[in-house]
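Whole structure, please, built from the sequences with the hints as guidance.
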Amino acid sequence: SQKIEQNSEALNIQEGKTATLTCNYTNYSPAYLQWYRQDPGRGPVFLLLIRENEKEKRKERLKVTFDTTLKQSLFHITASQPADSATYLCALPYSGGYQKVTFGTGTKLQVIP
Amino acid sequence: GAGVSQTPSNKVTEKGKYVELRCDPISGHTALYWYRQSLGQGPEFLIYFQGTGAADDSGLPNDRFFAVRPEGSVSTLKIQRTERGDSAMYLCASSLTRSGQGKSPLHFGNGTRLTVT
Numbered sequence: 014s015q016k017i018e019q020n021s022e023a024l025n026i027q028e029g030k031t032a033t034l035t036c037n038y039t040n041y042s043p044a045y046l047q048w049y050r051q052d053p054g055r056g057p058v059f060l061l062l063i064r065e066n067e068k069e070k071r072k073e074r075l076k077v078t079f080d081t082t083l084k085q086s087l088f089h090i091t092a093s094q095p096a097d098s099a100t101y102l103c104a105l106p107y108s109g110g111y112q113k114v115t116f117g118t119g120t121k122l123q124v125i126p
Numbered sequence: 007g008a009g010v011s012q013t014p015s016n017k018v019t020e021k022g023k024y025v026e027l028r029c030d031p032i033s034g035h036t037a038l039y040w041y042r043q044s045l046g047q048g049p050e051f052l053i054y055f056q057g058t059g060a061a062d063d064s065g066l067p068n069d070r071f072f073a074v075r076p077e078g079s080v081s082t083l084k085i086q087r088t089e090r091g092d093s094a095m096y097l098c099a100s101s102l103t104r105s106g107q108g109k110s111p112l113h114f115g116n117g118t119r120l121t122v123t
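Protein sequences, first through last, are from chains A and B.
For what it's worth, this note's numbering labels the leading residue of the first sequence as 14, then goes sequentially.
For what it's worth, this note's numbering labels the leading residue of the second sequence as 7, then goes sequentially.
The set of hints was computed from the structure by calculation and includes no laboratory data.
A hint or two may mislead.
[As the list claims (entries may be wrong)] In silico contact screen, one side only, chain B against chain A (beta carbon under 7 angstroms); selected entries:
1) Tyr24
2) Gln47
3) Gly48
4) Pro49
5) Phe51
6) Gly59
7) Glu89
8) Gly91
9) Leu97
10) Pro111
11) Asn116
Beta carbons are placed, not taken as given, at the ideal position from N, Cα and C, and that holds for glycine.
Below is the structure:
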């Protein structure tokens, strides 16, 4: 069956450092991958989408890589700030159809001032 | 502009009761999704609408769960004979996706926190 794995342990980093979050998947050949941010008690907010033919995508302090051979995406936040503290979710289209988007469990990031 | 609106934001009900959760998507978004999220977990897919029809309801856990979108805009998730295990955050999302194109991001509401006592 299809599986998305994100590190369930919280990631604590010092302000100003680069945070790197990992998303691994199995039994998928996704056409794209998305990253979302979720704050406590709120719905997820879309951050970035990367397509299978793109190796890297950037948006301000965010960078996403997509390695379809390793079946892995890395999500980087450079010059991290306490306001970046949140849970970050990766999401892939279900192989049975583009519209059924499946989410990982998310990784909680805590940026320490 | 206005985002996805979900009402109520919190719902407490007794075991065995019937509940309805409402979702107002972003105007013009043809696709609408319901997800359920338990604490410490990612959102779990329940059902997807393209227009008025349920294009994929494979995530509904059993026949106590039902969702409608009669005019292709507002959607209601209905849960009959609620059980304590139904307690979770119920999230609605909409997108511009048309069938077969995919890739459009999901715009989520802030959810309805359902507690079954």
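Here is what the structure says about each hint:
Here the hint on B/Tyr24 is broken, as its CB sits about 24 angstroms from the closest CB of chain A, past 7 angstroms. The closest approach between the C-beta of B/Gln47 and any C-beta of chain A is roughly 6 angstroms, which is under the 7 angstroms cut-off, so the hint is satisfied. Checking B/Gly48 against chain A by beta carbon gives a least distance of about 4 angstroms; that is within 7 angstroms, so the hint holds. Checking B/Pro49 against chain A by beta carbon gives a least distance of about 5 angstroms; that is within 7 angstroms, so the hint holds.
A hinted interface residue such as B/Phe51 counts as satisfied when its beta carbon comes closer than 7 angstroms to some beta carbon of chain A; here the least separation is about 6 angstroms, so the hint holds. Annotation: B/Gly59 was flagged as interfacial toward chain A, and the flag is violated, the nearest CB pair being 12 angstroms apart, outside 7 angstroms. A hinted interface residue such as B/Glu89 counts as satisfied when its beta carbon comes closer than 7 angstroms to some beta carbon of chain A; here the least separation is about 23 angstroms, so the hint is violated. Using the Cβ-Cβ criterion of 7 angstroms, the hint placing B/Gly91 at the interface with chain A is not satisfied: the shortest such distance is roughly 19 angstroms.
This hint holds: B/Leu97 has a C-beta 5 angstroms from the nearest C-beta of chain A, less than the 7 angstroms allowed. With its C-beta approaching chain A no nearer than about 4 angstroms, B/Pro111 sits inside the 7 angstroms limit, and its interface hint holds. Taken as an interface hint, B/Asn116 checks out: its beta carbon lies about 5 angstroms from the nearest beta carbon of chain A, inside 7 angstroms.
In the structure shown, a violation is registered for the earlier hints numbered 1, 6, 7 and 8, in ascending order.
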